[in-house]
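Chemist: These are the residues of each chain, in order.
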Amino acid sequence: MKAIIQVTLKNGVLDPQGKAIETALDQLGFSGVGQARQGKLIELVLEETDAVKAKEHVTQMCEKLLANTVIENYDIELSE
Amino acid sequence: MTAAVIVFPGSNCDRDVAVCLEAATGEAPIMAWHGDASLPDCSAIVLPGGFSYGDYLRGGAIASKSPIMREVIRRAEQGVPVLGICNGFQILTECGLLPGILMRNRDLKFICRDATLNVEMEEGAFMAGYKKDQKLVIPIAHNEGNYFASDDTVKELQDNGRIALTYAGENPNGAIANIAGITNAKGNVLGMMPHPERLAEAALGGEDGRAMFDSLAKFIAK
Chain A
1 MKAIIQVTLK
11 NGVLDPQGKA
21 IETALDQLGF
31 SGVGQARQGK
41 LIELVLEETD
51 AVKAKEHVTQ
61 MCEKLLANTV
71 IENYDIELSE
Chain B
1 MTAAVIVFPG
11 SNCDRDVAVC
21 LEAATGEAPI
31 MAWHGDASLP
41 DCSAIVLPGG
51 FSYGDYLRGG
61 AIASKSPIMR
71 EVIRRAEQGV
81 PVLGICNGFQ
91 ILTECGLLPG
101 ILMRNRDLKF
111 ICRDATLNVE
121 MEEGAFMAGY
131 KKDQKLVIPI
141 AHNEGNYFAS
151 DDTVKELQDN
161 GRIALTYAGE
171 NPNGAIANIA
181 GITNAKGNVL
191 GMMPHPERLA
201 EAALGGEDGR
211 AMFDSLAKFI
221 AK
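The listed protein sequences correspond, in order, to chains A and B.
Position 23 (the first sequence) corresponds to 23 in the numbering used here; numbering is contiguous.
Position 59 (the second sequence) corresponds to 59 in the numbering used here; numbering is contiguous.
Chain A extracted, bound-state conformation (with noise of 0.2 angstroms):
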């Protein structure tokens, strides 16, 4: 089974890179973008089997690792 985790900044929290994405992009004649958030993603294959299991454990690893949840939110995808 394989999780895929977006971790993305909370809202309101200054994105300073994404602000840079934003001003090359207007500077490059892409008009109309209105706010540019970067975020990461992380791919992991797992041995569980289990749908239900495998959440459980991925959202165990996002609290404790993966994401910093004081400005950080994730989300997890799993697929087989």
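If you're looking for bench data, these hints aren't it; they were derived computationally from the structure.
Incorrect hints may have been included.
To be verified - Derived PhoX-like pairs (lysine-lysine); straight-line CA-CA distance at most 25 angstroms:
| no. | chain 1 | residue 1 | chain 2 | residue 2 |
| --- | --- | --- | --- | --- |
| 1 | B | Lys131 | B | Lys109 |
| 2 | B | Lys65 | A | Lys55 |
| 3 | B | Lys155 | B | Lys131 |
| 4 | B | Lys155 | A | Lys10 |
| 5 | B | Lys109 | A | Lys10 |
| 6 | A | Lys19 | A | Lys64 |
| 7 | B | Lys65 | A | Lys10 |
Claimed, not checked - Simulated restraints, written as ranges between beta carbons of each label pair:
| no. | chain 1 | residue 1 | chain 2 | residue 2 | range |
| --- | --- | --- | --- | --- | --- |
| 8 | A | Gly34 | B | Lys135 | 37 to 47 angstroms |
| 9 | A | Thr23 | B | Gly10 | 47 to 57 angstroms |
| 10 | A | Ala36 | B | Phe110 | 14 to 24 angstroms |
Claimed, not checked - Derived, one-sided and incomplete: chain A residues facing chain B with beta-carbon distance under 8 angstroms:
| no. | residue |
| --- | --- |
| 11 | Val13 |
| 12 | Gln17 |
| 13 | Gly18 |
| 14 | Ala24 |
| 15 | Leu65 |
| 16 | Asn68 |
| 17 | Val70 |
| 18 | Ile71 |
These numbers come from a predicted model, not from an experiment.
Don't be surprised by glycine CBs; every beta carbon is placed ideally from N, CA and C.
Chain A is already provided as a structure; the job is to place chain B on it using the hints.
Modeler: Just chain B now, kept in the frame of chain A:
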């Protein structure tokens, strides 16, 4: 009793801190490797600056899960003074001994220069050698020094006198409330972005950092 410096792969201020500790206490500190699960008896612990584990994932995130950190957390909870400098401060927030997080600098640049600091605290193991509102010149050298915490946490730090140092004048990295260093509730754990070990003797161009090590030496000699 001796102090200990925890050495992680990628630490690069460990020996500078060791020189300062030896000058202040008269005794060379124990250099403890991050992979050890045990830590000899020691009277104070320093987490030095550097780029432990290449700052992978987040600054200090991987180091905060090192085997020796369980022991550092246990000693900190027993009241042993713990000082985290720069990457050490990041490790202290990632392991939960201090609140908040150090984010990427506001202007996305690595900053390496002297910073003028305002002393906000004049007691405790590390700050007793300074006077409130004294101005210090101590270098900063970081890419992730932008302290961030929730409004409630910042208020708690302010209301309980847990902010040790702030940036005076220009805020170099965007840190909330100009925070450069904070302590835990008990006051025995201090995390700070500036590097006191880099200006701790006159030959280096300044010695504003020295009082921190002298204060610690006095504290542990008691």
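Chemist: So, for every hint listed, does it hold in this structure?
Modeler: Each hint tested on the structure:
At roughly 32 angstroms between alpha-carbon atoms, lysine 131 of chain B and lysine 109 of chain B are farther apart than 25 angstroms, so this suggested pair is violated. Simply put, lysine 65 of chain B and lysine 55 of chain A have alpha-carbon atoms about 22 angstroms apart, close enough for the 25 angstroms limit, and the pair holds. Between lysine 155 of chain B and lysine 131 of chain B the CA atoms are separated by roughly 23 angstroms; this keeps the pair inside 25 angstroms, and the hint holds. Distance restraint check for lysine 155 of chain B and lysine 10 of chain A: the Cα-Cα separation of roughly 20 angstroms lies within the 25 angstroms cut-off, and the hinted pair is therefore satisfied.
Between the alpha carbons of lysine 109 of chain B and lysine 10 of chain A the distance comes to roughly 22 angstroms, so the proposed pair stays at or under 25 angstroms and holds. A hinted pair counts as satisfied when its Cα atoms are at most 25 angstroms apart, and lysine 19 of chain A with lysine 64 of chain A does not qualify at roughly 28 angstroms. Restraint check for lysine 65 of chain B and lysine 10 of chain A: the C-alpha separation of about 24 angstroms stays at or below 25 angstroms, so the hint holds. The beta-carbon spacing between glycine 34 of chain A and lysine 135 of chain B, approximately 42 angstroms, falls within the hinted interval of 37 to 47 angstroms.
For threonine 23 of chain A paired with glycine 10 of chain B, a C-beta distance near 32 angstroms fails the hint of 47 to 57 angstroms. Between alanine 36 of chain A and phenylalanine 110 of chain B the beta carbon distance is about 22 angstroms. The supplied range of 14 to 24 angstroms therefore holds. Taking 8 angstroms as the C-beta contact cut-off toward chain B, the hint placing valine 13 of chain A at the interface holds, the least distance being around 7 angstroms. Contact between glutamine 17 of chain A and chain B, as hinted, is supported at the beta carbon level, the nearest pair being about 7 angstroms apart and thus within 8 angstroms.
Residue-level restraint check for glycine 18 of chain A is violated (minimum Cβ-Cβ distance to chain B is 11 angstroms; threshold 8 angstroms). Interface hint status for alanine 24 of chain A: violated, as the beta-carbon distance to the closest one in chain B is roughly 12 angstroms, over 8 angstroms. Against a cut-off of 8 angstroms between C-beta atoms, the interface hint on leucine 65 of chain A holds, since the closest Cβ of chain B lies about 7 angstroms away. The closest approach between the C-beta of asparagine 68 of chain A and any C-beta of chain B is roughly 5 angstroms, which is under the 8 angstroms cut-off, so the hint is satisfied.
Against a cut-off of 8 angstroms between C-beta atoms, the interface hint on valine 70 of chain A holds, since the closest Cβ of chain B lies about 5 angstroms away. Satisfaction of the interface hint for isoleucine 71 of chain A is found here, the shortest Cβ-Cβ separation to chain B being roughly 6 angstroms, below the 8 angstroms cut-off.
In summary, the numbered hints that this structure violates are 1, 6, 9, 13, 14.
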